[in-house]
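S.K.: Once you've looked at the hints, go ahead and assemble the two chains, each given alone in its own frame, into the complex.
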Amino acid sequence: MSFWHFLQLNWPELLLLVRQHIVLVFISILVAVTIGVPVGILLTRYRALRGPVLGIANVMQTIPSLALFGFLIPLPFIGGIGSRSALVALVLYSLLPIIRNTVTGILGVEPSVREAAVAMGMTDGQVLRQVELPLAMGVIVTGIRVATVIAVGVTTIAAAVGAGGLGVYIFRGLRQYDNNLLLAGAVSAAVLALAADFFLGLIERQFSFEAKRRAGLSKIALVAGIVLVIVAGGFALWRGGESESNSAALQGRVSIGSKDFTESALLAEIMAQLLESRGVAVERRFELGGNLPHEALVNGTLDLYPEYTGTSYTAILHHAPMGDPRAVYEQVKQEYASQFKVEVSPPLGFENTFAILVRGADARKLNLKTISDAAPNTSQWRAGFGQDFMSRADGYPGFSKTYGLKFAAVREMDLSLTYIALSSRQVDLIAGNSTEGRIATLDLFQLADDRHYFPPYEAVYLVRQDSLARVPALREVLSKLAGAISTDEMRRLNYEIDGKKRDSKEVVKEWLRSRGL
Amino acid sequence: MGRPRSAAPTITPVKTPLVQFQNVNFALSNANIISNLNLTVEQGETLVLLGESGCGKTTTLKLVNRLLTPTSGEVHVEGKSTTAWDPIALRRRIGYVIQEGGLFPHFTIARNVGLVPALAGWEQPRITERVRELLSLVGLDPERFAERYPRELSGGQRQRVGVARALAADPPLLLLDEPFGALDPLTRASLQREFADLTSRLGKTAILVTHDVREALILARRIGLMHKGQLLLLETPERFLASDNPQVRAYLDTLKIDDRGGKQ
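Going down the list, the protein sequences come from chains A and B.
Converting from the first sequence to the working numbering requires adding 95 to each position, the first position being numbered 1.
Converting from the second sequence to the working numbering requires adding 57 to each position, the first position being numbered 1.
Read the hints as simulated data drawn from the structure, not as lab findings.
Among the hints, a few may not be true.
Stated by the list, open to error - With beta-carbon atoms standing in for the labels, derived distance ranges:
no.	chain 1	residue 1	chain 2	residue 2	range
1	A	A290	B	S86	26 to 36 Å
2	A	L323	B	S257	53 to 63 Å
3	A	R142	B	P162	57 to 67 Å
4	B	P229	A	R142	32 to 42 Å
5	B	P229	A	G220	47 to 57 Å
6	B	D254	A	N153	32 to 42 Å
7	A	S486	B	S86	50 to 60 Å
8	A	L102	B	R201	54 to 64 Å
9	B	I145	A	P159	45 to 55 Å
10	B	T128	A	R142	12 to 22 Å
11	B	P162	A	I515	27 to 37 Å
12	A	A143	B	D310	45 to 55 Å
13	B	P144	A	R142	12 to 22 Å
Where a beta carbon is used, it is the ideal one built from N, C-alpha and C, also for glycine.
Pulled out of the complex, with its shape left as it was, chain B reads as follows (with noise of 0.2 Å):
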């Protein structure tokens, strides 16, 4: 995988959309959160929610697994309003991963990973070996790493293992809260490159929310700029370079500025 993806230019709609947000409103106190929400996110694209912290793009994604559930409108996953689905069945189906990882501090880092295929009432020899297998994927060396704790490892690393830990019962659908966020600039920037490989090798569909731009170009297939509870728009990265919208030309400079004018 390369540079941020050239030409996306047809998303051919070949199965129901994986999720889709149907005049999703959501209060909270009678403050609206979330304001008449409609997106559709394809099989196997990265869509990543691009916003200023408060805007709802956390709630967008807490949305998806039914930690809320829409005050109205409907979400659905794989056809299935969150509503109709088993709570648990259906989180079960979607890996998550929050910033700092949301690492369990008394499970070792074996323990953690492995920890949805254990829920799922996997046998402990496959449990073990999946583990293996994820540690790899994500980097860190299993015979050093698993029997460890959370609080003996790096930011980087810890972030590692959050994102082995959500992708530990192969599900079809990720969700990433700011996943890279509290990472030092170097670490984020070959994090993030590693999961871009992974997804697509992966072929996983997953939705990313993040505060940064940079990020957003790098990964997404389709960002998704919010503001305010609303989704402003809902470009590829070059169109997005390209828009005229306030809002995004207001990120872009930001960019300018962070980069000194070079990536233009």
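The following block holds chain A by itself, in its conformation from the complex (with noise of 0.2 Å):
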């Protein structure tokens, strides 16, 4: 598909996003702007401040930015899952240049002319007022424009917990391979960067005193520029405000999670298309990164999302690997109801455990059918394991360690990257996800599991007790999926949309009227 008939296609949703952009980076630069200059100001009043509060301000942003996200999903208020993270972590990020160029901006007032304004007998407000703010203001707002530049790029990781905006389709992107999205999340939020850039320089501009000779004009280009941004800000605001929502609860809605793959957001497409048809209003945040997703569902911020038995087990409740799929069901069934009061549905039919890969021709060529076979290659061999395979309890040590394997070189990147990585010959091993769509279309191989290292894997839903009991239609929605979907089912919708690239919800609604559900 071509980028321009990927536009075509989407563009509704280019521009959601694109509002969903707008409206975080632009409160986030007006809380930033309300409590940076005021801080700025007190800095440049009480010396002994200004080292410490600037400190600060300069660990904030050396913060990599999907770590502060991670800190900030547990706290309590300014926390969890969606654009409050987002927008408390972009202020964090937005306050530094702007504390910075306020105390620059008026410390670097002529010493004669802020000696002048004392002398005059103007009194500390009025200096502040009349002499120092509006000579700082080209200073102020440079460091305003340099804040917004990075709020931009910062926003699209705030698509990790859930925030929306230009790096849903940056991440999307990147975990199917589909250069189409990556290019419209990225070119987006570039030109949005760079319309910031050019706009708050020409507000910038209007301060410098060069510009006073043409006062007539640049008043009014100034006046433009402003109202500008807060129009665009202000629609954006008013627009967003239709899409976003308060608690769930309170408004009836199910609010349905998924972690930040293909699949899990298919899980939870099909939920929220099989609740909508019962008319249940639904509210989607999907592709949260990590272990956002349960730890959204433990505080209530959602209502569920789909889930694997396996991960429940080992990385959720830390429980050693175990082999038998109906122990560790039973085993997670019953912890979730007494820790977290979520009850486990039953399961969907399908597993999605590792799948240890190699190249169709590597196997052909060596004939390799089960990963034991493959062992003794391993040290000419590079791996590729995403972050998650690489620190999980059933992961990377005791896979290596199980069949004895010694690779050449072992790298650690992002799940999704590591397909096409193999394809392509950077790596020759991967362990990636036996339902995964791309498996098929890139000619990869599965090795099979002979030692049965890796434990089941079964798909589930988890739900919240209480959600249960306030919406009736789930627990029918739950029985009925019950078996519902087999592994190459799964595997043939992944690549539907990973393949195909096909839009998820049209994909969901084909097969649920295919099924007849």
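M.R.: Right under this line is the structure:
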């Protein structure tokens, strides 16, 4: 599909993401200016505070954005998934340039001018309002400009915590190896950043005194610039407000989450459409990174999300990996009920376990069927594993020990990139997902887990008990979905989206219809 | 007004002195900037503080309008210690002119000149009228200059604006810190003359700081010579010229070199 064609098909969604992006940036910069400028002024009055405050703001900015989002998730009031923690993080990032430039701008006012102001009998407030701030304004606006451009960039990361914005396309594009998505997300973000830079540059120029000669014209340009920024922000806010919502529970909606990969989003979409067809209002908070869906489910932001029993068993409940699917399921069900007041649905019928993959050509040439077959070759192989696989209890350490694997190199990378890394011969073995649609399209071969190292990963929905009580339709839908999706079917659905780049809503609608659901 | 005042033998102390330094010391991080300064400035006189850079003459000025307060001793303005004054009220009674004018680059000339009246809450028509009057007084055509910005003026013009701003609210006292320092000799000479005329015409009291002995001789009714934070002597220009104080002689020698002996 050409990029142009992609845009024609997807421009409503793209516009929505652009709007979310602008709202996030606009609000966070607004808040950061409201906090940052007064703090900056304060620092020019109390020299002793300058070091510590600027130091803290500096440290804030050095925290990698994904990590900062991670810290915020579990915090009450300011954290959680969605736009709130994204806004908090964005404000923290924006503060430094704004505070620093306010301080620099005010301290940069020529001493003779400040002295004259004091000597004329101005009060401190008059010096600040009539002399220091007007003269520092150019530098302060530069700070706001820098902060805004940074915020446009950082906001792309905010998609990982479910705040929306253009990062949704970028993350999805990475996952699905879809250049159109990547381009649409990245180019739009770049255009936004350039546009923000340009318009704030216009405003900034009005505060330099060279421009004062053209006072008449420049005032119009200044007013126009400011009005434009406010209107754009206000419009985005107003329109954005329609899709924003508060606590799902308060509004009688069901808030459905998903992890940040195609299959999880697909299972979440299936649930969403089934509920909608039964007249239940649904809020989609898909594509949440890491353990966010679990955190959000436990704190009540989400009502349900699709999960795999093995993941719950090892990553959440911290048990040592175990081979028996039945036992794992029962244990998870019981502990979730008692620990989290969360119910585990009947298994959906397929497993998404780690699939140890090699190139199909290698498998045929070396006649490889199982992981044990491949073990002798691994000393010359480079392996590529997702961060998840490297760190989890049923991941790399146990895996390499069980099969006695010694790789020439082990590369840790984004899971969605490992498939393409394998097929393009950057690495020679990866641990993918067994239901990954690209296994067939990229001609990859899954080696059998002949020593039964990987625990069972049966797909289920995790649902809060109070949500079940509140929305009766939930239980009916869950029972309908029990055993309804086979592994082959899941792989095919994944391929429809990842391989054929089709819209997941359509794919789900079609599948539901074909199954008479 | 002609040449340096030919005779100023008796300054009759009619009223209380306008400014009085009483045993004033000023130290910054234990370094003495001003040591035991005693000085009286009479109504209507122009007192010039002369000295090389770092001698404490600018500090002395700032002690008057309370940009600085003495470490010990007291500075009295109109009979009241500066520390007893509300600093804002005190400063609004004192015009202040600094080198390069210290004009606000983001204000028009009119707004710069009308600043203190505006702070004092005058009505806008009265301010506008006063600004026109003052610009004319310092020799700038209000029609041409009122709406310009300081950047668009020459150094001499800015200096005139600085003087106009200091005079705006008709303060009884003017402080001038090297007001003509950065100007070319011709502009400087003409501004000095005009300033001398202006202060005598308006009856202003002025304390002016300079390192230029010629300027001191032209403008001063009395010259205070400062050195390393101390007032070495305080004399009329005539007695200053006759003094055998070595510092004074050193200053007057520079004058000889400058004028190739013409002055004497």
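S.K.: Sort out which numbered hints this structure fails and list those numbers smallest first.
M.R.: 1, 3, 5, 6 and 11
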